[in-house]
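Going down the list, the sequences are from chains G, Y and P.
Quick note: the first sequence uses the numbering used here, first residue 1, plus one each step.
Quick note: the second sequence uses the numbering used here, first residue 1001, plus one each step.
Quick note: the third sequence uses the numbering used here, first residue 2001, plus one each step.
Calculated directly from the structure, the hints in this document are not laboratory data.
Any given hint could turn out to be false.
What the hints assert, rightly or not - Restricting the straight-line Cα-Cα distance to at most 27 Å, the calculated cross-link-like pairs of lysine-lysine (BS3-like) are: (1) Lys2256(P) with Lys1178(Y); (2) Lys1129(Y) with Lys2256(P); (3) Lys25(G) with Lys1064(Y); (4) Lys31(G) with Lys1265(Y); (5) Lys2256(P) with Lys107(G); (6) Lys1129(Y) with Lys2005(P); (7) Lys1266(Y) with Lys2005(P); (8) Lys31(G) with Lys1188(Y); (9) Lys2167(P) with Lys1188(Y); (10) Lys1265(Y) with Lys2170(P); (11) Lys25(G) with Lys1110(Y); (12) Lys1110(Y) with Lys2091(P); (13) Lys1169(Y) with Lys2167(P); (14) Lys1169(Y) with Lys2121(P); (15) Lys2031(P) with Lys1162(Y); (16) Lys2287(P) with Lys1129(Y); (17) Lys1178(Y) with Lys107(G); (18) Lys1178(Y) with Lys2121(P); (19) Lys1169(Y) with Lys2091(P); (20) Lys2167(P) with Lys1266(Y); (21) Lys1265(Y) with Lys25(G); (22) Lys31(G) with Lys1064(Y); (23) Lys2031(P) with Lys1188(Y); (24) Lys31(G) with Lys1059(Y); (25) Lys2121(P) with Lys1129(Y); (26) Lys2005(P) with Lys1265(Y); (27) Lys1068(Y) with Lys31(G); (28) Lys25(G) with Lys2031(P); (29) Lys2005(P) with Lys107(G); (30) Lys1178(Y) with Lys2122(P); (31) Lys1068(Y) with Lys107(G).
To be verified - Selected chain G positions facing chain Y (in silico; Cβ < 10 Å): (32) Trp88; (33) Val89; (34) Phe120; (35) Gly223.
Heads up, the beta-carbon is just placed ideally off N, CA and C, and yes, glycines get one too.
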Amino acid sequence: MDYMDIFGVWLSVFLTLSIFSYLYKDNPFYKAAEHLYIGISAGYVAVISFWQQIQPNLFGRLWPRIDANADMGMFKSAWYFVYEILNWVSTLGGWLDRSIFPANGIKGFDGISWIYIIPFMLGIFMLLRLVPRLGWLARWAIAYIVGMAAGLRFYGFLNSDVLMQVKAATVDFSGDWWSIFNGLILLIGTLSGLVYFFFSKEQTGIVGKISKIGIYFLMIKFGASFGFAVMGRISLLIGRFDDLIVSNSPQNYYATLWILSAMIVLLGIWAFFDKPETEELTV
Amino acid sequence: MFLKRQMPAIIAIGVGLFILFGHFINNPNVQGFVNNDATQWFDIIASFAIFLGALNMLKLQVLKVVKKQRNWQYSILAIFGFAFAIFAGFFFRGANYITLTDIHPQNVNKLVEYISTVQEVDDPVLMVKGIQGSLASYEIPKIFISRSSAEAFSVTISGIAKDVTLGVKPWGAHVQIKGSLFSWMFFKIFTPLSSTMFALLAFFVASASYRAFRIRNFEATLLLVAGIILMIGRVPVGELVPWWLVSTLMVFGIGALIAPLIPDKKLLFGIIIGGIVLTSGLGILLDWNLAVNMPAILSLPNISEWIFDYPTAAGSRAIMIGIALGIIATSFRIILGIERPF
Amino acid sequence: MDLLKKIFIALGSMDRRFIFLLVGLSVLLPKLYPDLFTLPIKASSHSQRVFDEIDALKEDSKVLVSFEYGPSTKPEIHPSAIALLNHLFSKNIKVYAVALWPDGNFMATEAFSQVADGYGKKYGVDYVNLGYKPGGEAVVKGLASDIRTMYTVDLLGNDIDSIEMMKDVKNLLDLDFIFSLSAGYPGSKEWVQFACDPLGIPMSTGCTSIQVTDIIPYVENDQIKGILSGMPGAAEYEQLVQDALNERGIVVSPGKASINMAAQSMAHVVIVLLIILGNITYYLTRKSGKKGGM
């Protein structure tokens, strides 16, 4: 293993134990790791979104790869001149190698899709949210996303989450008594649960009684969710402990042991000198 | 004012109607746009929204440092983390690889030995097999972050094959390939931080359960019992819970349910004890210790599976339909222009 | 008796860090001493259903595997991914990988690197990794219509039309099965709503424990054919795959989820005991409070 790998193991153990140190109390190790996480995750998602979506699917459609020797015409040449300007900016005036804008266009699509200027402009408008005077332009981009999501979800949820679920709640009386019983449980549970969520009528009398049954089914559901939530969290904890144990191997120079020991000592010193804020205020 | 207020509403309504009715309009251009381009536009704008979020985070952290607000020193780390991710993503590829051409067959084992000095090899026999199948051209699985380390290694293995060439993975692919600087950042910094943040919750769930999970009423009891049955029944330890413990707990449960109907506590106690004796006796008589003889209802995993498949599914279905109706109503309001969340 | 009551009441106010220590030890000890804590794994009906659906697929079928999880949920879902790839590759089924989460790319790469070579599978011929696209349900909808509008190149930058196994795949209708490895949004729900229900393509899922109760209505309605719920589900599926492959003479080592089931079980027992203890303490405190008030 090379030094970068070993350094990486020690760094990952340090960051893991820094987050776990919160179990003792909020401390500088935890705060530092938390802030690093905020920065890294924002950068990470931005980089991935750019290289997986913007560069191939937007820029690749606006400036697809062309034959350098072909006759383009004035308009197309002017368009690819814009491409070269963007490249000049992205390479800091030609100081860096070409990356985002490779020579002669981006491999992928065959012809220019001019219509993609619209999402490009809407994307720029989205970024203008950071400029106070022009921030209102972001509403156009958000409006597109909201409208698109509304149209998409309307059909998807109506079909899969309403119609098909209502169909599934029916009872098949041709089966054996056990399957009929289970079918009735599902039907009664679904109906009574839905009655509980119906707030347009006062929940008294027969409606109140059905609603009560609905609550019981919902409580069982929440209990199951709780059980599964605990299961999920414990699984993740096991995963972290796995990594800490593997990092404590001789090849990694017992990283976990050394870092844990150092952290306990340093946290002890910090806790000894750390005064609560109220004490400072009273001085 | 029209551009600021009415125009966004027109866009949202127009797009919403177009996408919704696009399902039902049998025109290839409309279908093509709705199914392909409209979704691509959504993806592209969503990506820009991600950049906006990242830049907004950066702006907040920078302002915190500039104005020297509380704990501003930690914000430097946040800015550093962001800058490092951007550097690894856009300015430093760090995805150097080595390709060997015409490997000498007798050098294959030696090559695996060399590779094991720079990368962990789980199964050397499998790797030998893989190389033997690609003697004409073989790309070493190790990706080098720095050009100099790749060059140093290529010198080490120069006698192994006829030709040793150095290459760099293309921009874009470098963020996905294991071994590049970006992937190093992902596995050594991002992964431990995000995983541990989630794993931390395991402790707090346990603490909160201990302090707050109380049997105050029948509904809370249902919730607790369902949770406990599922927690124990879904893991292997549930198989070890003996039938008599399950039957005893069932008798206690029935006793708790009928307790309000029996004012005489001695009678209630007698019924419970009688129930336990009866079920235990029956179990011994019918030899329920053998799995084939044991009724399914006395197996905790079976009980947990039934609770999961039926009452839980019913409750989940009710919630799912309720949420779906809410989303449909909200989507309809957006399409009609009544709701304007922008 | 009074002493016992006092002990229980005192335990009720114990520092939460002691509880953290108990939970930590309940997970750590089985990991450090695995021989002391071995438990049998029995497959549930849902895990069996997933196994049966995959096992029923014929050789050269085309299966799309969608990686919608990241490192934070890797312990729960990644073992399912490994077992699934073992199962698919052992049956010579072609695997098409996509990711709706950015982290899914790395998970997919890691899974393939761990499994593919053992079966002699070649990239581009037996499996392909198309990579991540942002957009959630919009991506699923796009794939349902035409894969090439979403992906022009694969994860490694290869032109999609140059990949042998992509030649006769235009959209999701050309595939035989979808498997979603899901940790949240976007995930299994979006595959059901925008691909499987509209197009009638069969689908299974391996998801985090937290998501399971939300997905179960789809499973119960046969919209999703079986579910691997969290790490226990993954362990059950690993066991089924291991047994099946061992029968066919393919040696597969025990998966990570199976190895971790002892730790999972111990932690659950400790938490249940803590809840019971908490309720006993609550009951005793309430009783002594009532007596004091009288």
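Where does the structure disagree with the numbered hints, that is, which hint numbers, in rising order?
4, 5, 6, 9, 10, 11, 12, 15, 16, 19, 20, 21, 29, 31, 32 and 33
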